[in-house]
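2 protein chains.
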Amino acid sequence: MLTFTEENYLKSIYHLSGEGQKPVLTTQLAEGLDTRPATVTDMLKKLAAKELIVYEKYYGVELTRKGKAEALTVIRKHRLWETFLVEKLGFSWDEVHEVAEQLEHIRSPLLIEKLDIFLGRPKADPHGHPIPDKHGKLPVTAQTPLAAVAVQQQATVRAVRHASSVFLKYLSKIGVYIGASLQVTERNAFDHSVHIVIDGKKKAFLSREASENILVTPG
Amino acid sequence: MLTFTEENYLKSIYHLSGEGQKPVLTTQLAEGLDTRPATVTDMLKKLAAKELIVYEKYYGVELTRKGKAEALTVIRKHRLWETFLVEKLGFSWDEVHEVAEQLEHIRSPLLIEKLDIFLGRPKADPHGHPIPDKHGKLPVTAQTPLAAVAVQQQATVRAVRHASSVFLKYLSKIGVYIGASLQVTERNAFDHSVHIVIDGKKKAFLSREASENILVTPG
DNA sequence: TTAAAAATTTAGAATAATCTAAAAAAAAAT
DNA sequence: ATTTTTTTTTAGATTATTCTAAATTTTTAA
Ligand SMILES: [Mn+2]
Ligand SMILES: [Mn+2]
Ligand SMILES: [Mn+2]
Ligand SMILES: [Mn+2]
Chain A
1 MLTFTEENYL KSIYHLSGEG QKPVLTTQLA EGLDTRPATV TDMLKKLAAK
51 ELIVYEKYYG VELTRKGKAE ALTVIRKHRL WETFLVEKLG FSWDEVHEVA
101 EQLEHIRSPL LIEKLDIFLG RPKADPHGHP IPDKHGKLPV TAQTPLAAVA
151 VQQQATVRAV RHASSVFLKY LSKIGVYIGA SLQVTERNAF DHSVHIVIDG
201 KKKAFLSREA SENILVTPG
Chain B
1 MLTFTEENYL KSIYHLSGEG QKPVLTTQLA EGLDTRPATV TDMLKKLAAK
51 ELIVYEKYYG VELTRKGKAE ALTVIRKHRL WETFLVEKLG FSWDEVHEVA
101 EQLEHIRSPL LIEKLDIFLG RPKADPHGHP IPDKHGKLPV TAQTPLAAVA
151 VQQQATVRAV RHASSVFLKY LSKIGVYIGA SLQVTERNAF DHSVHIVIDG
201 KKKAFLSREA SENILVTPG
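Chains as they are written, first to last, in my numbering: chain A, 1 to 219; chain B, 1 to 219.
No lab work stands behind these hints, which were simulated from the structure alone. It cannot be assumed that every hint is accurate.
Claimed, not checked - Derived PhoX-like pairs (lysine-lysine); straight-line CA-CA distance at most 20 Å:
{"no.": "1", "chain 1": "B", "residue 1": "Lys22", "chain 2": "B", "residue 2": "Lys57"}
{"no.": "2", "chain 1": "B", "residue 1": "Lys66", "chain 2": "B", "residue 2": "Lys134"}
{"no.": "3", "chain 1": "A", "residue 1": "Lys123", "chain 2": "A", "residue 2": "Lys134"}
{"no.": "4", "chain 1": "A", "residue 1": "Lys68", "chain 2": "A", "residue 2": "Lys134"}
{"no.": "5", "chain 1": "B", "residue 1": "Lys88", "chain 2": "A", "residue 2": "Lys88"}
{"no.": "6", "chain 1": "B", "residue 1": "Lys66", "chain 2": "A", "residue 2": "Lys88"}
{"no.": "7", "chain 1": "B", "residue 1": "Lys88", "chain 2": "A", "residue 2": "Lys114"}
{"no.": "8", "chain 1": "A", "residue 1": "Lys68", "chain 2": "A", "residue 2": "Lys88"}
{"no.": "9", "chain 1": "A", "residue 1": "Lys114", "chain 2": "A", "residue 2": "Lys68"}
Said to hold, decoys possible - Here chain B is said to cover these stretches of chain A; the calculated rule only asks that three of the stretch's residues, wherever they fall, bring their Cβ under 8 Å from a Cβ of chain B:
{"no.": "10", "segment": "30-38"}
{"no.": "11", "segment": "73-82"}
Stated by the list, open to error - Which chain A residues stay away from chain B? Per the calculated CB distances, all over 10 Å, these:
{"no.": "12", "residue": "Pro132"}
{"no.": "13", "residue": "Arg158"}
{"no.": "14", "residue": "Gly200"}
Idealized CB from N, CA, C, for every residue including glycine.
Work the whole structure out from these sequences, hints included.
And the structure:
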């Protein structure tokens, strides 16, 4: 059975690896988990001994099939709980992450199954992030950053890339939300900042960085 | 900030003290927390240093005002979560305790407040146990064990004393539930076992021990 | 009132997670 | 091809929780 710390490491490795492509480095993990590289090295040895990761000294780590499955279970729980907090308890999307960070470690397959049913088997969390099914399968979606959308093109907001509280609060303030219909009316050639119209009504101005972190589908 | 372990100790001390009457002994805690007396002694020193308990060597422990408040917060969370699991997720009353044992340690005052509202500020959990309000106040109730109810007297089930899974499953099987109307039709003078009628329909036979653990109000 | 039994505490050790400082390896720069 | 810098690992500690075994205190029973 995994400790909370071990679960957090697996989740972090999963996210940092880009869903399993590149190996993850010690310093990346130290950064992401807000701990010291020496601490990470210790934990990597432990996870490798449990066959949850493949760890090659000085090179980096990858998840094993088992480690990936564990990571996806934690991610599933995290996203289901975030959905619960927003849909049922009336949290706003910028308030849920920290609480879900705790709830994701609750161990009860029955609870997760019943929660999933209660929520109507949601496909995505309040930030548009896909929720793995109970077998760890993720729905595939073709989303592009708003930064890549052509001027005059119509697009629908599907997700945010980074779900930091400040960024989400900012989006709420200017009127951007999951499902909103956006149109880029102008793109500054110098810094790639954009003017947008939301739902054909509200106007807003976004930096390139912001537009990189809003994921949309055309139409 | 308290660790899970510290919270469990405070809760256990609260329950074992009979809501703060008698001092709690080392072996009682070791028994209740499924750990060794030596381990308990260590933890008691720690809790005493934090001024959550008054610990007198060889004599026993009592909660301080601060310790009692912490214990009641954990109990409040435990019972709100149990209510959620039964009312919203469709758990049965014999399935919720273990999960609530985990959920009770989630730290988020906002979550508890919103959960309380979502549930309609319930006064009691699925076992009839009173839910402390956010200030730690417990509703007072005058309940008597079914064992003390006179033959032919009408009584309504309000709570169960011990919420062990086997006992709860047994009650469900014979048709006893919170809110059920009971009538003792016969009491065996030898072993105090009773014959009861549930809701004027179903008949059942209960040992003295079972009837001690069913709490009712007259009428 | 002493001796035996039970309860409790202390001593010493283990595991988990963390840290700082030093050593070693790899990568980058001259 | 060296030297310098950066990254990573190792070594040695620290805190939290837990244990077993031994010592101590309290309680119970002769
Ligand atoms: Mn999150
Ligand atoms: Mn977490
Ligand atoms: Mn319970
Ligand atoms: Mn608990």
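If any of the earlier hints don't hold here, list their numbers in rising order. 6, 8, 9, 10, 11
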